[in-house]
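At position 139 of the sequence shown the residue is numbered 139 (full-length UniProt numbering), and the sequence of numbers has no breaks.
Take the hints with a grain of salt, since some may be wrong.
[Stated by the list, open to error] Here are the simulated lysine-lysine pairs, DSS-like style, with alpha carbons at most 30 angstroms apart:
#1 Lys220 with Lys95
#2 Lys296 with Lys241
#3 Lys65 with Lys87
#4 Lys241 with Lys303
#5 Lys87 with Lys144
#6 Lys265 with Lys87
#7 Lys144 with Lys95
#8 Lys87 with Lys296
#9 Lys194 with Lys220
#10 Lys95 with Lys65
#11 Lys240 with Lys296
#12 Lys194 with Lys139
#13 Lys220 with Lys144
#14 Lys220 with Lys240
#15 Lys265 with Lys296
#16 Lys220 with Lys270
#17 Lys265 with Lys232
#18 Lys265 with Lys303
#19 Lys265 with Lys240
#20 Lys270 with Lys303
[Claimed, not checked] The following label-pair restraints were derived from C-beta to C-beta distances:
#21 Thr297 with Ala228: 24 to 32 angstroms
#22 Glu210 with Glu149: 25 to 33 angstroms
#23 Gly317 with Lys296: 20 to 28 angstroms
#24 Thr146 with Gly117: 14 to 22 angstroms
#25 Ala228 with Ser308: 30 to 38 angstroms
#26 Ala319 with Gly237: 27 to 35 angstroms
#27 Leu311 with Pro224: 26 to 34 angstroms
#28 Asp112 with Glu210: 43 to 51 angstroms
#29 Glu149 with Leu254: 34 to 42 angstroms
#30 Glu148 with Arg293: 51 to 59 angstroms
Hints listed in this document are in silico derivations from the structure and should not be mistaken for laboratory results.
Ideal Cβ positions, reconstructed from N, Cα and C, are used throughout, including at glycine.
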Amino acid sequence: MSPKGRDILKSMVGAVEPGRPEAPAVPPPHRPSGAVKAMNLSLGRLGEEAAAAKALRESLASGDKVLEIDPGSVEMSFIRDRIPVGKDPEFERLKQSIQESGQQVPILVRPDPVKAGHYQAAYGHRRLRAAAEIGVPVKAVVRKLTDEELILAQGQENGPRVDLSFIERALFARRMDEHGFSRDMIAQALATDKPETSRLLQVAQTIDPEIILAIGPAPKVGRPRWLAFAEKFREAGGQKKAQAAIGAADFHTLESNSRFDVIWKALEEKSAPQRAEQTLRTPGGGTLASVTRSGKTFRITAKSAAFSEFLARRLIGLAAEFEEENEGK
């Protein structure tokens, strides 16, 4: 090819070296507009409270109105489902979100059956608390609800949420049971079946509620470990071991999951056998022997050779009396 032809060909295909094809141009990354970014953030926050958002859509579809209410006039549900904690990062994030963008999802309340002008919350307790701490009205849907309807709404909004731990669900089930709700109602409120309801109640009815509250929600501790915990707690001395662990100086500085671990280790420790001592005396006050009991061990230490020989002669007869008394048992 002539030099002129090579120049024409080069101008058509560009200056590309053999074996090194030119990389295609990369389009600049798409940057959403401010409106789209705001919408995405709102959707993200709504996604965190999907159950509440669904309930809101149903409420608005049925004609319910959203009102702004003084948080001081709204009381918590008569059955609590959450275990309060001192430091709650999720609550602080929710509070910040409401401060910056407002309350995205209303809470559900009913008129207080006793106090005129007051309300009881079915769900949205964290949003209610956040509004109270910020000092703004809380957005709420007001609906007339029976006790059963309130508990169902509360349970079905909170039940499927991943941040409601096993022990919180268990304690909620126990409180419903103590208020006289049937097992069917409890299962329905928790959106679970009867076997799981029985397991929840088994744990919450075995472990002292004060112990549960001292541990806290323990979000990383699931059903298997709580069931095993309840079995250990049921053993002799279980409650005393747990209370002793809670009384330790640094216990309350630990986070909830670590508190569970501390008490778990305390329950695993074998108790030292209790030792009881007694002195046998003559009517005149003389010492005959000392008796020591420790677990299954029973020891008599005679203080005189005469009493020792007396006991030795009577042992065969005592064994016969024991067999006669226990025959057929």
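For each hint, the structure was consulted:
A C-alpha spacing of about 24 angstroms is found between Lys220 and Lys95, which places the hinted pair at or below 30 angstroms, so the restraint holds. For the proposed pair Lys296 and Lys241, the alpha carbon gap of about 22 angstroms is at most 30 angstroms, so the pair holds. About 34 angstroms separates the Cα atoms of Lys65 and Lys87, which puts this hinted pair outside 30 angstroms; it is violated. About 38 angstroms separates the Cα atoms of Lys241 and Lys303, which puts this hinted pair outside 30 angstroms; it is violated.
Restraint check for Lys87 and Lys144: the C-alpha separation of about 34 angstroms exceeds 30 angstroms, so the hint is violated. Between Lys265 and Lys87 the alpha-carbon distance is near 24 angstroms, which keeps this suggested pair within the 30 angstroms criterion. Taking the CA atoms of Lys144 and Lys95, the gap is near 28 angstroms; set against the 30 angstroms cutoff, the hint holds. Note on Lys87 and Lys296: the hinted pairing is violated, with a Cα-Cα distance of about 47 angstroms set against a maximum of 30 angstroms.
Note on Lys194 and Lys220: the hinted pairing holds, with a Cα-Cα distance of about 24 angstroms set against a maximum of 30 angstroms. Note on Lys95 and Lys65: the hinted pairing holds, with a Cα-Cα distance of about 24 angstroms set against a maximum of 30 angstroms. At most 30 angstroms may separate the alpha-carbon atoms for a hinted pair to count; Lys240 and Lys296 meet this at roughly 21 angstroms. Between the alpha carbons of Lys194 and Lys139 the distance comes to roughly 35 angstroms, so the proposed pair goes past 30 angstroms and is violated.
A threshold of 30 angstroms between alpha carbons decides the hint, and for Lys220 with Lys144 the separation of about 37 angstroms lies outside it, so the pair is violated. For the given pair, Lys220 sits about 25 angstroms from Lys240 by alpha-carbon distance, which is consistent with the 30 angstroms threshold. A threshold of 30 angstroms between alpha carbons decides the hint, and for Lys265 with Lys296 the separation of about 25 angstroms falls inside it, so the pair holds. For a cut-off of 30 angstroms, the pair hint linking Lys220 to Lys270 stands: about 26 angstroms separates their Cα positions.
For a cut-off of 30 angstroms, the pair hint linking Lys265 to Lys232 stands: about 10 angstroms separates their Cα positions. Between Lys265 and Lys303 the CA atoms are separated by roughly 43 angstroms; this puts the pair beyond 30 angstroms, and the hint is violated. Note on Lys265 and Lys240: the hinted pairing holds, with a Cα-Cα distance of about 13 angstroms set against a maximum of 30 angstroms. With a C-alpha separation of about 34 angstroms, the suggested pairing of Lys270 with Lys303 is violated against the 30 angstroms cut-off.
Taking 24 to 32 angstroms as the suggested C-beta distance range, the pair Thr297 and Ala228 conforms, at roughly 30 angstroms. Separation of Glu210 from Glu149 is about 31 angstroms and conforms to the stated range, judged on CB atoms against 25 to 33 angstroms. Under the hint 20 to 28 angstroms, the C-beta atoms of Gly317 and Lys296, about 23 angstroms apart, fit the expected range. At roughly 20 angstroms, the beta-carbon separation of Thr146 and Gly117 lies within the given 14 to 22 angstroms, and the hint holds.
Distance hint for Ala228 and Ser308: a CB-CB separation of about 49 angstroms, inconsistent with the stated range 30 to 38 angstroms. The hinted range of 27 to 35 angstroms is satisfied by Ala319 and Gly237, whose Cβ atoms lie roughly 32 angstroms apart. For Leu311 and Pro224, the Cβ-Cβ distance of about 52 angstroms falls outside the hinted range of 26 to 34 angstroms, so the restraint is violated. The hint said 43 to 51 angstroms for the Cβ distance between Asp112 and Glu210, and at roughly 29 angstroms that hint is violated.
Between Glu149 and Leu254 the CB atoms are about 39 angstroms apart, so this pair conforms to the stated range of 34 to 42 angstroms. A hinted range of 51 to 59 angstroms holds for the C-beta pair Glu148 and Arg293, which are about 55 angstroms apart.
Violated hints, listed in ascending order, are 3, 4, 5, 8, 12, 13, 18, 20, 25, 27, 28; each of the other numbered hints is respected by the structure.
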